[in-house]
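Asks: The primary structure of each chain is shown beneath.
Number of protein chains: 2
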Amino acid sequence: MSVGTCIFPTMPEIQGIQLGTACAGIKQTVRDDLLVIALDEGGVCAGVFTRNAFCAAPIQVAKANLAHNPRWLLVNSGNANAGTGQQGLQDALATCAQLAAWVAGKPEQVLPFSTGVIGQPLPVAKLTDALPAAVANLATDHWQQAALAIMTTDTFAKGVTQTLNLDGQVIHFNGIAKGAGMIQPDMATLLAFIATDARISQGLLQQCLTEAVQQSFNRITVDGDTSTNDAVMVMASGCSSAPEITAGSKALELFSEALLSVCKQLAEWVVRDGEGATKLIRIGVEGALTDKEAVQVGKTVAHSPLVKTAFFASDPNWGRILAAVGRAGVENLVLEAVQIFLDDVCIVSNGGRAEDYTEEAGQRVMDRAEITVTIQLGRGTACQEVLTCDLSYDYVKINAEYRT
Amino acid sequence: MSVGTCIFPTMPEIQGIQLGTACAGIKQTVRDDLLVIALDEGGVCAGVFTRNAFCAAPIQVAKANLAHNPRWLLVNSGNANAGTGQQGLQDALATCAQLAAWVAGKPEQVLPFSTGVIGQPLPVAKLTDALPAAVANLATDHWQQAALAIMTTDTFAKGVTQTLNLDGQVIHFNGIAKGAGMIQPDMATLLAFIATDARISQGLLQQCLTEAVQQSFNRITVDGDTSTNDAVMVMASGCSSAPEITAGSKALELFSEALLSVCKQLAEWVVRDGEGATKLIRIGVEGALTDKEAVQVGKTVAHSPLVKTAFFASDPNWGRILAAVGRAGVENLVLEAVQIFLDDVCIVSNGGRAEDYTEEAGQRVMDRAEITVTIQLGRGTACQEVLTCDLSYDYVKINAEYRT
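Chains as they are written, first to last, in my numbering: chain A, 2 to 405; chain B, 2 to 405.
It should be emphasised that the hints constitute simulated quantities derived from the structure, not laboratory data. Incorrect hints may have been included.
No copy labels: a pair is met if it fits in one copy or bridges any two.
Stated by the list, open to error - In silico SDA-like cross-links for lysine to any residue, where the CA-CA straight-line distance does not exceed 25 Å:
1) LYS398 x GLU371
2) LYS398 x SER3
3) LYS64 x GLU332
4) LYS398 x GLY5
5) LYS64 x GLU337
6) LYS64 x SER350
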């Protein structure tokens, strides 16, 4: 199931960035599961990574190598190389060295990424055997193949493309992402790769990405489980004829907005493809004292299994939303000031059911596939949005049978 | 489903405490759904209540009335009288006044408790119509009927009985509880009623209960949802011929231990009857810096939908436990010091899969209906246990169809 399907967009080439895929047969042999992304000399790369303490081996290597002007990204699906200890680290380094040998680069210029089952040794030989094919396959127009190669429980390939006009010159953005379960990014997320031909320094690019991720990938949750392998990478090739984007400029503002828009779209596709999802739920929290408080309330509601199963059942059992808000840990919450809406229907006001609420009005909203819950806390001006999906039989099925 | 069934124990009478039930027909008319508990003059009563900000109307009234030497508890199932605003408060007070009239007591000596659907008006007339029958039914030997009357989605009545010998004299404890969903008690819980004939002051009784709940009901979770209506009450009639339990005495220590034992047993029955539960999971966290940290790690694992579905599937997908520990927010966790066990099988050591771990050994443990996960953090001496159950299709079914 998914809430809508991403019709994979026609993506322009991003000059200076090539993608090549191959089938390494890590968990299946039907489709490609190995991706190499090559960034031409002179391009820059920024990234944010999972905060999970059991950070996977490839993420540890990618974090360290980010300082060495990375030129290649090596991505596999089907095995996360997480919880694999020292051996996992050696395996990740070995694959980087192999790729470096094939492309005549340095091992520390390769960033490795893996997703899939946790705790199983990375089948290094399968990966390295498939590397020559992936390298031979490198081309600027392989975006859809790349998006397919990084999928695990995803039901569709996720891609977003966008342009930005700067002084009559065009800057392009392409982004792909994977992720459907173990999704509650925390300062980072799942796997997403964004490419642009903008000219921008690594420092500014990192700053833009960190801010964009905070407002996009870090505002979604499928099941509250933060992965060991989350990463969002952005590569800027500098091949656009638009002027360089510099600190403090109007261009930087526009670039940041465009990057945020790409991140938000990709993040929303991840939720729409949430494991077993039948509904997309936007939880807007308004009138909070701080952004942190708003996110805390939003995530508490978004993680409540009772709220999520009610949405699955299209049951306007709004008391569960009220109960989740009540346990979100907001100090000195004045119940009488709280208002809760399902789309435009007010369900809670004055500390209880809204006077003019009717079960019919609630049912009408709950029958929709996309629903906005608005929670007005009435104590400040901060507002934040959290995106999630419902909890269905299929979520249990997918995760009970994941390894079979 | 449940993990084992409570064979309701033969409960002794507790002198000075009577129970009477009746069918008010609030949500169904097959079994009794109304309970009155009467405590003779001279007995004392202590309680702990939910910390959910949207604390239900009856809980607000019970908290206020606890200071007025309560003599009667009035409990209904099928309607929570939560999220009902001012009207809910008036309704709760009205039922207290009605019961007071029937027993010739004061309204403020009645403590009301409700569980069931949130957000629907309490059907006051149904309750008050059934009150005379419940009062007429008052007797010291109606414990099992009482346990049945307070059930909602519970699949069996939960009761525990225990004795304590003090100077050759016996003190009795009887306890009943209800609860299967919306279970993550926070300083309080679900509904549990414990009675003893001990002679003890209200202050000491309250202190013993607060400590006992912290180590029992506050260490269980079914779905992470803290209810609006949680309460644990203990009544002491003072009818035992054992000496009075006084501050600083050895008797107080023994009494506290016995009360904790009753609370732990009742709490465990609630988890065993967790909605859709097929497995009981004990999560022991050892080697933590603080108790708080130990509970935090235990609850993060206990709340992970991925961990819970793996248990449901009997799948030794231990990487999910490792990932949950990693995202539990423990600062400066040294991965190499962490060890994780499934019963006696070591699954994680040295930052990855334990060297001698085999899938067969993991599978052998996962096939069991009761499993202990031991997480050794290797950074301190604090240890705590959290109890939970798995996440099954039936959890989704029960909560998707709860109101139909």
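Asks: For LYS398 vs GLU371, is the C-alpha pair at or below 25 Å within one copy, between two copies, both, or neither?
Replies: Both ways: LYS398 and GLU371 sit 23 Å apart in one copy and 21 Å across, limit 25 Å.
Asks: Given a CA cutoff of 25 Å, do LYS398 and GLY5 count as a within-copy pair, a between-copy pair, both, or neither?
Replies: For LYS398 and GLY5, the Cα distance is within 25 Å both inside one copy (20 Å) and across copies (24 Å).
Asks: For LYS64 vs GLU332, is the C-alpha pair at or below 25 Å within one copy, between two copies, both, or neither?
Replies: between (37 Å within a copy, 19 Å between copies)
Asks: Between LYS398 and SER3, at a C-alpha cutoff of 25 Å, which is it: within one copy, between copies, both, or neither?
Replies: both (15 Å within a copy, 20 Å between copies)
Asks: When Cα atoms must be at most 25 Å apart, do LYS64 and GLU337 count as within-copy, between-copy, both, or neither?
Replies: For LYS64 and GLU337, only the inter-copy Cα distance (19 Å) is at most 25 Å; the intra-copy one is 48 Å.
Asks: Could you figure out if LYS64 and SER350 sit no more than 25 Å apart (CA to CA) within one copy, between two copies, both or neither?
Replies: between (48 Å within a copy, 23 Å between copies)
Against the hints set out earlier in the document, no violation occurs for any number.
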